[in-house]
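Using the sequences and the hints given, assemble the complete structure.
Numbering (UniProt numbering), first residue to last: 1 to 110.
One thing to keep in mind: the hints can contain errors.
Claimed, not checked - Pairwise CB distance ranges, derived in the manner of DEER restraints:
(1) Ile42 x Ser78: 31 to 37 Å
(2) Ala31 x Asp51: 26 to 32 Å
(3) Leu59 x Arg81: 15 to 21 Å
(4) Gly21 x Gly72: 50 to 56 Å
(5) His36 x Pro93: 18 to 24 Å
(6) Trp53 x Ala20: 43 to 49 Å
(7) Val98 x Thr73: 23 to 29 Å
(8) Ser78 x Gln29: 51 to 57 Å
Since the hints were derived computationally from the structure, they do not count as laboratory data. Backbone N, C-alpha and C fix where the C-beta goes; we use that ideal spot for every residue, glycine too.
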Amino acid sequence: MTADLIDQPETAATAGHDAAGQPTGTSDQLAADEIHAIRERIDAIDQALIDLWLERSHLSQQVGRTRMASGGTRLVLSREREIVERFREALGPDGTQVALLLLRAGRGPL
Numbered sequence: 001m002t003a004d005l006i007d008q009p010e011t012a013a014t015a016g017h018d019a020a021g022q023p024t025g026t027s028d029q030l031a032a033d034e035i036h037a038i039r040e041r042i043d044a045i046d047q048a049l050i051d052l053w054l055e056r057s058h059l060s061q062q063v064g065r066t067r068m069a070s071g072g073t074r075l076v077l078s079r080e081r082e083i084v085e086r087f088r089e090a091l092g093p094d095g096t097q098v099a100l101l102l103l104r105a106g107r108g109p110l
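Structure representation (structure tokens):
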């Protein structure tokens with residue numbers, strides 16, 4: 001799907017660009033400016049998500065190391081199920097996938 005979006009050619013009607021020269025999909029300058037402002041906020045949110053993802057991963061790995069160093073188990077499946085359920089309730093089916101990716105990043109390869 002992503003490739004489909006990337007590979008779509010711009011037409012004369014959608015070849016507009018914002019002030020930074022980025023394509024906006026519209027030739028209306030007011031709309032292009034609004035899109036640029038929204039995209040700046042999206043980029044800031046993306047960076048916050050990346051930063052939080054990395055922090056969460058490091059903390060989760062620290063929990064695992066501490067648990068195993070004290071003779072505990074490598075994983076606590078009930079805790080993982082709780083996290084998956086929390087994300088599923090908040091985000092629907094996609095939340096399950098997000099939670100599984102977060103858990104994998106935090107525990108490393110099994």
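Status of each hint after checking the structure:
At about 36 Å, the CB distance of Ile42 to Ser78 agrees with the hint of 31 to 37 Å. The supplied range of 26 to 32 Å is met by Ala31 and Asp51, whose beta-carbon atoms lie about 30 Å from each other. Range check, Leu59 to Arg81: Cβ separation about 19 Å, and the 15 to 21 Å hint holds. Checking the proposed 50 to 56 Å range against Gly21 and Gly72 shows it holds: the Cβ atoms sit about 54 Å from each other.
Take His36 and Pro93: their Cβ atoms lie about 32 Å apart, and the range 18 to 24 Å is violated. Look at Trp53 against Ala20: about 26 Å separates their beta carbons, and that is not inside 43 to 49 Å. Roughly 24 Å separates the CB atoms of Val98 and Thr73, a value that falls within the hinted 23 to 29 Å. Ser78 and Gln29 have their C-beta atoms about 55 Å apart, which keeps the hinted 51 to 57 Å range intact.
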